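Chains G and V, in that order, give the protein sequences. Quick note on numbering: my numbering labels position 27 of the first sequence as 27, and the sequence is numbered without any gaps. Position in the second sequence (from 1) plus 1000 gives the number in my numbering.
To be clear, the hints were calculated from the coordinates, so they are not data collected in a lab. Treat each hint with caution, since some may be false.
Said to hold, decoys possible - With a Cα cut of at most 27 Å, we get these calculated DSS-like pairs of lysine-lysine:
{"no.": "1", "chain 1": "G", "residue 1": "K248", "chain 2": "G", "residue 2": "K297"}
{"no.": "2", "chain 1": "G", "residue 1": "K222", "chain 2": "V", "residue 2": "K1005"}
{"no.": "3", "chain 1": "G", "residue 1": "K198", "chain 2": "G", "residue 2": "K222"}
{"no.": "4", "chain 1": "G", "residue 1": "K198", "chain 2": "G", "residue 2": "K571"}
{"no.": "5", "chain 1": "G", "residue 1": "K571", "chain 2": "G", "residue 2": "K587"}
{"no.": "6", "chain 1": "V", "residue 1": "K1152", "chain 2": "G", "residue 2": "K211"}
{"no.": "7", "chain 1": "V", "residue 1": "K1003", "chain 2": "G", "residue 2": "K211"}
{"no.": "8", "chain 1": "G", "residue 1": "K208", "chain 2": "G", "residue 2": "K248"}
{"no.": "9", "chain 1": "V", "residue 1": "K1152", "chain 2": "V", "residue 2": "K1005"}
{"no.": "10", "chain 1": "V", "residue 1": "K1150", "chain 2": "G", "residue 2": "K222"}
{"no.": "11", "chain 1": "G", "residue 1": "K582", "chain 2": "G", "residue 2": "K619"}
{"no.": "12", "chain 1": "G", "residue 1": "K198", "chain 2": "G", "residue 2": "K208"}
{"no.": "13", "chain 1": "V", "residue 1": "K1003", "chain 2": "G", "residue 2": "K222"}
{"no.": "14", "chain 1": "G", "residue 1": "K730", "chain 2": "G", "residue 2": "K582"}
{"no.": "15", "chain 1": "G", "residue 1": "K571", "chain 2": "G", "residue 2": "K582"}
Nothing here was measured: the structure is a model prediction, and the numbers come from that model.
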Amino acid sequence: MSTEVLKVSRREFLIGSTAAGAGFALGMMVPGLGRAAMASEGPAGKTPSDGETPEINAWVVVRPDDTVIIRIARSEMGQGTLTGLAQLVAEELQCDWSKVTTEYPTPGENLRRDRVWGSFSTGGSRGIRDSHSYVRKGGAVARQMLIQAAAEAWGVPMEECRAENSVITHDASGRSTTYGTVAQAAAELWPPEHVELKDPSDWTLIGKPVKRLDTLDKLNGKQVFGADLTLPGMLNAAIRACPVFTGKLASFEASQVRDMPGVRAVVPVGNNAVAVVADTWWQAKTALDALPVSWDKGPHANLSSADIDAMLDEGLTSDEQVFVGNANGDARQGLAGAARTIEAVYAYPYQNHATMEPMNATAVWTGERCEVWCPTQNGEAALEAAAAAAGLPMTQCDVHKIHLGGGFGRRGAFHDFVTQAVLIAKQLPGTPVKLLWTREEDMAHGHYHPITKCRLAGGLDETGDLTALHVRISGQSILAAVRPQAMAPDGADPVTFQGFHADGDHAISYTVPNLLVEHAMRNPPVPPGFWRGVNINQNAIYMECFIDELAHAAGKDPLDFRRKLMADHPKSLAVLEAVAEKAGWGKPAGGGIHRGLAVTKTFGSYVAACAEISMDQGKVRLQRIVAATDPGYAVNPQQIEAQVEGSFVYGLSALFHGECTLENGAVVQSNFHDYPSLLLKDMPEVEVIVMPSGGFWGGIGEPTIAVAAPAVLNALFAATGQRLRSVPLKTVHLSSANAA
Amino acid sequence: MTKLKVNGNQVDVDVDPSTPLLWVLREQLGLTGTKYGCGIGACGSCTVHVDGEAVRSCTLPLSAMAGGQEIVTIEGLSPDNDHPVQQAWAELDVPQCGYCQPGMIMTAAALLADNPDPSDADIDAAVTNICRCGTFNRVRRGIHLAAGIKRKGESS
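Make a model of the complete structure from these sequences and hints.
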């Protein structure tokens, strides 16, 4: 591996820095929020309004006391990106890690500075892997400028100076100074024309399991989430939208609740919702519960899960609206000529994200300006939504990002809660309004994990080797609903084929001589969305459980059966073998324990799991999952472990509990009592193998979610001889791990 | 007017007595560390201590607090983040998004007050809070670590 030399465009570091405005017309101070989230502050280029030390560049501010502020464009929602990105900048900056703090620039500032921070989007496990190069460059450029400032002050060549731990030293003269001392001078320099990024073998901070930068405030109630925000003179709103998708608000009787305590306004929101605005949220919610509302439920008023089921069943065999995602050889002919064929149909339901913090946004609108505070996975998309709802150009709006109480994809592509908050605030000009959804509203108005079914047919030759595989997915396209412009020219949705692609970030892990993977697109009128892992959740179940079925049908060990198909997939094979070895695959487990395997490549990382379960009076006890991940580079191994464990909670919640059904056009489930989540008592031991092989940057937050469910399902088959092909499991329930 | 004792302070709140304690804490007293997650007592994000017991404040009406009970919220758990549970949580980097963690920490603290050396089965029974990020295994390790920190603190 060689040192990366990057050309520095002055434009990319300087543009807009003099044009930056002094911040925010409305000047709301938000106590308890970080610097960047404060409305009266924020990065304002080389001439900040607060008179503090100017930035070295868009990524780095150094204060006289040597505090280093690293600007983070992506959002922190639990996945540890804030810390990981800061590590990347700090690695090149060579600063004292103990003095690092972070702040979010606003998307409005990004707009004013010609997108100097690049994308704000935090989804698809891309936070680090899409920005590692330019954020490291930001750190390297700042380091060079700080060194140059010191060298100029000493009248020595900068090549003779070195920087370490925020201290610049000139060995020949024995002089040294700190970043804080020269920051002001450094900020006035032109950036260097070239910088070199360190060779990965020289990294001292990247790859270290350092503590998160955001933990302490999360231990004492100080972390302000969007739901906690308070602004001077702020009112609170509770909202209800038509429970039937595409239905509209017909009428409401405001007079019935206007005199209830605290009520200030009852307002329509868009064409499908009504909100009560009151002094407190509890008053707003209480009045909303009492508000008579009638809906125009529209064409889908009778939609039920049975209707959707029928649509999907039809797609399993139909020739209409079918797209090919991957093909080689001739799968149909291969199946026709196979010694044995095996077939199975799997199903995966709608699921809600159910972030712990319900949807919320706070907005203030004046006619000339609109400001929004919200948890968002994509500040720029939130700004677009705010401006559109405000009826103002984006230059007259801004969004102040707040750490999210969970994202999982719900707060990235969708800013319905921002639109609503602005539409409400617009009806009360000048008054800040905080909109907070109830959990019930969150369940009724998700952007759900799409529903699909899958019919798989595999052909084995006389020796039991796989010769042909036909995968027919039937069900919903996310892109068709959310991002039609990203669809293939023929109308296919490439995201549907995650884990089945011929190559790339979501490539299939096997080589099958005759392969056909198709999607019969069937789009019920239920809004789909990106949901942690997205389509790999079901595709890995379809593929990995069916491979297990084929192995058993062939009378072969599931590891050996896979291995034979993986000669051209060495990195996938490496993670699979790592979990097999650590779990003791092939050796008797004893103690009534049964094992199952799963492997996949997704979001650019190679992941595998071996699940161990036991049965206890017909219930399943999750004993242990050994998981391996090869993300190329591992920025913070302890946070990777946390993400792997956490992804299993999300994935296994989906396997055992997660289902949103429809009746009369509306989602039936309304809260955690009928949409439960895995609990601590259900959790298996998780052993994480982080095995970065270098040379590429894979995702972390999502990939491993994909292997939890199929590994457990395969272990369940090993334990019971029963193939469970429909999620969530209705016949097998969890037994708590340590119950007496 | 209802008199409450919250984090050691006497406070008067003038609000409908049917208002859940959660919303009194958050909206009347500005103690927003206690979170709303479900409103039906299912998720535990709103857990506070009432006379030392972990309770879910979202389903507890203010009227039930008229007896002068000692209410402690996450803000009042310790003066300097030095409760053994907070120390253990910091040591293990337990929180991810952090939204459920005040409830999780209050639940753990109440368990340890009651049972200084809880077994895994005790932890299973006591910690029924929902965490969608999936911090459970670190929560379990954190409770064991906190139990150790507490014992050390008491013996020194």
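Hint-by-hint comparison with the structure:
no., hint, verdict
1, G:K248 x G:K297, "holds (6 Å)"
2, G:K222 x V:K1005, "holds (21 Å)"
3, G:K198 x G:K222, "violated (37 Å)"
4, G:K198 x G:K571, "holds (25 Å)"
5, G:K571 x G:K587, "holds (24 Å)"
6, V:K1152 x G:K211, "holds (24 Å)"
7, V:K1003 x G:K211, "violated (42 Å)"
8, G:K208 x G:K248, "violated (53 Å)"
9, V:K1152 x V:K1005, "violated (31 Å)"
10, V:K1150 x G:K222, "holds (23 Å)"
11, G:K582 x G:K619, "holds (26 Å)"
12, G:K198 x G:K208, "holds (15 Å)"
13, V:K1003 x G:K222, "holds (25 Å)"
14, G:K730 x G:K582, "violated (31 Å)"
15, G:K571 x G:K582, "holds (17 Å)"
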